Amino acid sequence: MMSIMRSTSKGRRIFTEDNNKRGQKFDRLKNSERDFEVEEDKLIIHRRRHSDASAGPTSPPRFDVDTDPLMVLDTAGPYDLSNTNSPYSRSPWSRHMNSSSPPPRAAPPSPPHHHSHSADESNASPNALIGSLIREEGHIYSLAVAGELLYTGSDSKNIRVWKDRQEFSTFKANYGLVKAIVVGEDKVFTGHNDGKIRVWKVSAKNGGIHKRIDTIPTLKDYLKGSMNPKNFADDQRRSRKVLWSKHYDAISCLGLSDDGGFLYSASWDKTFKVWRVSDFKCLESINAHDDAVNSLVVSLDGLVFTGSADGTMKVWRRELQGKGTKHFFSQTLLKQECAVTALAVNFPEVTFLYAGSSDGIVNFWDTEKSLSHGGDLKGHKLAVLCLATAGNLVFSGSADMGICVWKRSEEAEHTCLSVLTGHTGPVKCLAVEKDPESTSTEQRWIVYSGSLDKSVKAWKVSDQAPTMANNKDDEQHNSKPTFNKAPSYSSRGKMGSRRY
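Using my numbering, read the sequence shown as starting at 8 and increasing by one per residue.
Read the hints as simulated data drawn from the structure, not as lab findings.
Certain hints may be false.
To be verified - Keeping only pairs whose Cα atoms sit at most 25 Å apart, straight-line, the calculated DMTMM-like set for lysine to aspartate or glutamate is:
1. K333 x D297
2. K218 x D286
3. K333 x E291
4. K441 x E417
5. K212 x D228
6. K170 x E440
7. K227 x E291
To be verified - What follows is a set of in silico ranges between Cβ atoms, one per label pair, in the way DEER data are often shown:
8. K212 x K333: 45 to 51 Å
9. N213 x S379: 46 to 52 Å
10. G267 x E356: 18 to 24 Å
11. R219 x G309: 28 to 34 Å
12. E192 x K333: 22 to 28 Å
13. E449 x N181: 30 to 36 Å
14. F354 x G214: 21 to 27 Å
These figures come from a predicted structure and were not determined experimentally.
Virtual Cβ for every residue (Gly too), placed ideally from N, Cα, C.
Given only the sequences and the hints, what does the whole structure look like? Please build it.
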């Protein structure tokens, strides 16, 4: 039994007992249609019949809502974690993980307090849970860290701001679940499943006050566009004309250029768009893929990477043209049967590119070697839903409810240091900030994970792997990590063909 310290809405902290029973929230999440009333609350994962390493346009088959589950690994069966090629087999951490003992589970549904914290953070292991931010209102879809503040977005339409793991402020979008958050110098951009981007101004006097100053596309865009038929494109899904600068399906992700001058938005409408931050004008709308664009990442060298449900990952090159910009297709790095679901690059060096897929595998490329393929990381049983990097660490969150912590060596070899378990739902988003306790000899980070179990967890992570000398009874432990049994999600009936 473990003590958990919780905080009330008035800031008073109380202790409750955690009996480590299996929580019931996830069964409600899985079985209740009431939790899935928003039409676009879904991730697009199409399965195709064949894979081809060469580049070239393809048309994926129509998704069969009667036969195909969404959250699946692949039809060949689960990945064998005992495979000797897996980084797990080389991890000191895996040597002392007992497969006969289940991994720690999250606390059962808590009383409606705003926050909960571990009662004793001083004795935490190098990679350990240090607290949970709980707000019983919606599934968490987006996270962003900016200075001392953490932003969380959910299907409650609220954007909550946290400081020192205490609720700091809240602002509401009113329309569409919050699928993406990106923070600029003095503005916050939120992407929604209604295809719009909302812009919030941060108060200079009070960082907790956020005022909505615009919605992209702007009213001016609609008025100007209505005067010229060329400004409209076909919305094939709804058989209507839409403004070319508006996404006509859910926004999946947002990104900012390195100088903060351009905003990128990717959508399930198969496009990504480029906006000028100074006046919110849409500069480009690019038909990037044959299916939904699930992820986009902007590099520091003018490259943009997009990953799609059509199984491809593409590279785009940006060229500045006066006050505008123009993007050109460069190459297709990946072409596979499984959907590309998450992308990340290591900042600020930008020497490696990572791509997670619906088969649970993370591929990576070396940008200093002309984007040559470096290998893959096999650590998840279900789809990789999010990626994040910090220093020489890579974090992958999955529908299997676990978070793998990978360490990259100077030789570009990756070893799994640990698996962070505790969520009772798929891990949908990750954000990382540097731990103030970090030193030159030991890099430490605070990792935030948002889940469909309606919670955000905070983890203290170190880049120092456990040493063999610290492991007791090594020979009595299995070399495979263990996961909670993850439920599968399917597309049935009212839930829609792209919902999970």
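Numbers of unmet hints, in rising order: Of the numbered hints, 5, 8, 13 do not hold.
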